[in-house]
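Protein sequence lines correspond, in order, to chains X and P.
Using our numbering, read the first sequence as starting at 900 and increasing by one per residue.
Using our numbering, read the second sequence as starting at 900 and increasing by one per residue.
Take these hints with a grain of salt, some might be off.
Same chains, same label: a pair holds when it works inside one copy or across any pair of copies.
Listed below are the simulated DSSO-like cross-link pairs for lysine-lysine, each with C-alpha atoms no more than 30 Å apart in a straight line [stated by the list, open to error]:
#1 Lys-1582 - Lys-961
#2 Lys-1568 - Lys-1438
#3 Lys-1359 - Lys-963
#4 Lys-1107 - Lys-1237
It should be emphasised that the hints constitute simulated quantities derived from the structure, not laboratory data.
For clarity, every value in this text was computed on a predicted model and none was experimentally measured.
Residues per chain are reported as follows:
Protein chains: 2
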Amino acid sequence: MPDFTDNLKPASPDGTTILSQERSQSNVPEDELAKHLLSRNDFLGRQQRILQVLEKDPLFNKSKQMNLSRPERYQLGLARAKKLRRYQDQYRWDEEDVSMSQYLCDDVSPYMVHYTMFVTTVREQGSDEQKAYWMPRIERMEAIGCYAQTELGHGSNVRGLECQARWDPQAQEFILHSPTLTASKWWNGTMGRTANHAIVMAQLLLPKSQGSSEYVSKGPHPFIVQIRDMKTHLPLPGIAVGDIGPKYGYAPMDNGYLLFDQHRIPHSAMLSRYSMVDKNNGTYFQPKNAAVVYGSLTYVRAQIIMHARLIMARAVTIAVRYTCVRRQFSDRDSNDPKAPELAVLDYPTVQIRILPLLATAFALHYTGEAMHRLYETTRAQIDKGDFSRMAVLHAQSSGLKSLCTELAANSIETCRRAMGGHGFGGGSGYIQLNNDYLSKPTVEGDNWMITQQTASYLIKRMQAAVSGKDKPQDEIEEHCRQYLSERKSHRPDQLRIFDKDEDIVEAFRRRSRDQTYRAHIERNERKRSWNSLLIQLRKVSHSESQSILVANFYDALNSKDASVSPTLRAHLSTLFRLFAFYTMDNEARDFSKANAVSEQDLDALPSKIQELMAQIRPHAVKLVDSWKVPDFLLDSALGRYDGKVYEDLFNRAHRLNPLNEITFNPHYKSEEIVMGGGDDLKKILAKL
Amino acid sequence: MPDFTDNLKPASPDGTTILSQERSQSNVPEDELAKHLLSRNDFLGRQQRILQVLEKDPLFNKSKQMNLSRPERYQLGLARAKKLRRYQDQYRWDEEDVSMSQYLCDDVSPYMVHYTMFVTTVREQGSDEQKAYWMPRIERMEAIGCYAQTELGHGSNVRGLECQARWDPQAQEFILHSPTLTASKWWNGTMGRTANHAIVMAQLLLPKSQGSSEYVSKGPHPFIVQIRDMKTHLPLPGIAVGDIGPKYGYAPMDNGYLLFDQHRIPHSAMLSRYSMVDKNNGTYFQPKNAAVVYGSLTYVRAQIIMHARLIMARAVTIAVRYTCVRRQFSDRDSNDPKAPELAVLDYPTVQIRILPLLATAFALHYTGEAMHRLYETTRAQIDKGDFSRMAVLHAQSSGLKSLCTELAANSIETCRRAMGGHGFGGGSGYIQLNNDYLSKPTVEGDNWMITQQTASYLIKRMQAAVSGKDKPQDEIEEHCRQYLSERKSHRPDQLRIFDKDEDIVEAFRRRSRDQTYRAHIERNERKRSWNSLLIQLRKVSHSESQSILVANFYDALNSKDASVSPTLRAHLSTLFRLFAFYTMDNEARDFSKANAVSEQDLDALPSKIQELMAQIRPHAVKLVDSWKVPDFLLDSALGRYDGKVYEDLFNRAHRLNPLNEITFNPHYKSEEIVMGGGDDLKKILAKL
């Protein structure tokens, strides 16, 4: 309905004018940078192509979905998942296209686990016969599947799973059973309402000897199990399955629970590529070495880092654009009472929260790229079963997963708070982003726990270097030897971090080795218990991961095949230094203890950081523009490309808010809630 | 519907057994501690009394509300607000009782701003005549009001408000007008759907001289304005008002927008206790000094800190109980393959995230108490118009608001992540807590911005101390002089923080003075611009606030009138040291630069912290129990007093989740979403 607000404009200068000015003042070569960042797998072209499909489909309009209830969010999620699947058929999308469509849709799909863990497990762990039976049904999506591993009482420690698969030699069947409440499968995506099949990880129980009534466990094994009726979609008898309820994020995903009551499944249900039970005599065949998993884990973790960088780019895009448009207070030192208000991003207290994160997005990018390249170059080795390179890659990837998802998760909230009041509002574009992304520090290996893997590897290499026998096994051990020899022969010179970028790289490396050495002493010489060292081990892992991020960033700018224009290289070098110095300043004492950086240089870091931020400030908008995050994905009034911040906020409130369609009775003596609504209180009570 | 899951129990030991053991192993005098913490205003008795009313009323049952849509959340909020108001009449609740009922209900009330800013402003800024007219209507809640200050384009900088109140001498009326979109009132609670009146802060525009058509602004002034029809509750002509839409938290609150189109209000609308416009000749009377505000601001900030400590206690209660019940992995150094899994809280990497926060809740408590006492003892002075003590109190309270709300806000997310997978689930009790509390770092003074007030005051005192004239104005200046004289005459001895608790207090004080001195040099000697120092100023403020927290904690345990039993004192002293050392360790370099603590002692902090955590670990459950946070408020499966973690999680999923009442059609070729639901896709699309 038109009204007097239709003619109102924001006070000038408006956001569009401001962002145009910001863009025209910068020499950042936006398109060159976008190509530089987003060429892998033709990301940019693909984004453009899929975007065109989704943007014109009203089902993928995001601006009002925050008003929906949880049950409605699942329904919307399912509708979108189906539509995307139909588009896949229609446009013959390949796997990368499908990923892109899910990324742009930005709602986790209730089909997600079907597409990932379910199909992968059948493909990798099914026998040829099983695959021949299942794969066509899976691809046609008659069998819609999930992956039931985690239990109510058991997460990271897979050996502790309680769900049982007991072999019944007489019937030649397995009996799935949940002996306790904590044995309930829990958290498993796609299971709650969507799937009709599940891969169930269960303790394989076999008779101790033939004919014995005593059973022994052979550990967790995968079974493929139908869980719902193919017609009615209701749970089969002996099975309790459902959705676990609302969570912090992932509203459209039906994370589920699943219990079995002496539920019988055929012998063929056990996925038997690597291990199997002989149908006739119950003999068990051992699984082969599972090291093959390492390879794909590294790939998955490279993907996690590449995704983390996009999350950070997205958070920072919104924050940079909004804090340029937003004005607040004039300069306190100005004598002009009519001085205009400053852009919020001109305050160092806002810069220090946002600009280092912008630099971090780039840091993550180069390490994600490096991991992909490493994975690709060593793939041939892996396929031949040579995992020597993979061990170090895997060890590094644990620490990197931990650090990078932590950085990305924290960046959203840091940016949000830097945006003041409107950061708390629904127009920020951060609410669902944050709620969904905050799962990442926990899933795919808890961020605190998996740092042990990295630290353990590093300490072993340091121990080997100390013993000094044989040739060094990898470059880490080589560095350890170098560190030890410097340590013995002389105190190495402190590095000139403000003069030479490569000295920054060396400072981080020396500090990481120093942390490793200290942990090695505690563990191997002082014989401290592992658990008592856990806090220190996390620090060892983070130090190494920071060192990798800095080194990859440096290498990308300075290797021979780094083909970037001098203008771009100058901007990237500023970002490199900002990332490195900011990281160093937060843990300055380490660098002093490692005799890597002088106290004087460490003292100078804060002002150096402020200088670098001042250099980046005029280019901030174009630097975030280069990440090419489409408005459709941002779904943010504050972060729009065209700067129409206030127009969009007002539109969402005044024209799109369903609450404003209802008039309420505010008087406390009346039980009526909606004006003329009658006994609406009863309706509310029924939902509690 | 009963099924086989009804008979299942969690694997043993179950949570109830575990928490009983935890409780029986500790000598923490729970009741003494509870009284020690929660006696102000009979908090405990009041909590018990109000709890009994709410617990038995199904309208206040929280366990399913996360499933509701935003519009439903507002309706529920309004229904609860009305009910609480009726209870207030019924049980003759006083103001503290009402606060307690809102605290326990834990949903922000749509009436909230009516109860607070609206009534306070009329009371404090209305003339006697205005109060006589309005107060009875407000108390009867015929006039339901809000407070419209913040605008779409203007928050902290109140002078920048755009909304106008132009005096029309002919008609003897004011004309309220929103000249731009950014002039729209925005964020104002209770305004979106509930209020029929508003206090509107608008630039008072008066003719430059009598009869002139040129207008000058006298700055923002308050007007009381009817905004909705008293019968239909629809907006009055010339007014656009509504709810701004979903936010990060505060779902039941109707934060609103409000615009005026040349809307006329009578002369009597301007609240005129301090400033007024003569109806007949348009003469303007200046507002008196507004320093009276400082007093209540200090009170409000003491309340914010007391609230922050309860938030932390709540977050930590859940985390401690759950991480005791939760088991994961057996000891890596154990040779026993059947060794039981360890309680997650036994891992130092979990302790380091939770136990320092437990200690921090106590630290906040003692400073909140100290601020309340200071406010009370200086109140007589304030009432006489003597604000000399208030200046320092106010300066300190800004920094403390910033630090304490930051600590509390971060504590929720830190605890959540420490709880692994279930921390992401709806049973954590953290989701709404976090979403709501995250407003606090921004409201009542943005946490980054207001640190300038503290730093500015400190630098002025240091400057006065350096000039050394007259007597010191307050204890801060006295400390500054002491710092300067030590600095001149000799390098003071480093402090013995591991031997004497008072040396810890002195170390924090010296470090804060050192930070202040450095900032003073930059600002007053090197003449650096204010804005270029903002990052450093925040550090100055935080250093001082940390010093205050440490000093008040120490004083509370060591003053003559601290009447705690020796057992309790021992526990509190451990918590004191943990808080102090943990805080110190995070910024260790400062303490070295200030020559307060030796490098050797700083190096020893991590292991000292780990020792202290090991001492607290066996008492953790009883220490959190002592905060007496009722299960009703926690609304957490993970944090229940009785430890029935898994039983409750399963109950919420299997029996309380409305999504499980619907069966879906999962096949992608069908547009049907709900089995047999027909064209339900249209219903979804209509809501987008």
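Status of each hint after checking the structure:
For a Cα distance limit of 30 Å, the shortest separation of Lys-1582 from Lys-961 qualifies both inside one copy, at 28 Å, and across copies, at 16 Å. For the homomeric pair Lys-1568 and Lys-1438, neither the shortest alpha-carbon distance inside one copy (60 Å) nor that between copies (51 Å) is at most 30 Å. Proximity of Lys-1359 and Lys-963 under a CA criterion of 30 Å is satisfied in neither setting, with 53 Å inside one chain copy and 50 Å between copies. With identical chains, the CA atoms of Lys-1107 and Lys-1237 are at most 30 Å apart between copies only, with a shortest distance of 18 Å across copies and 88 Å within one.
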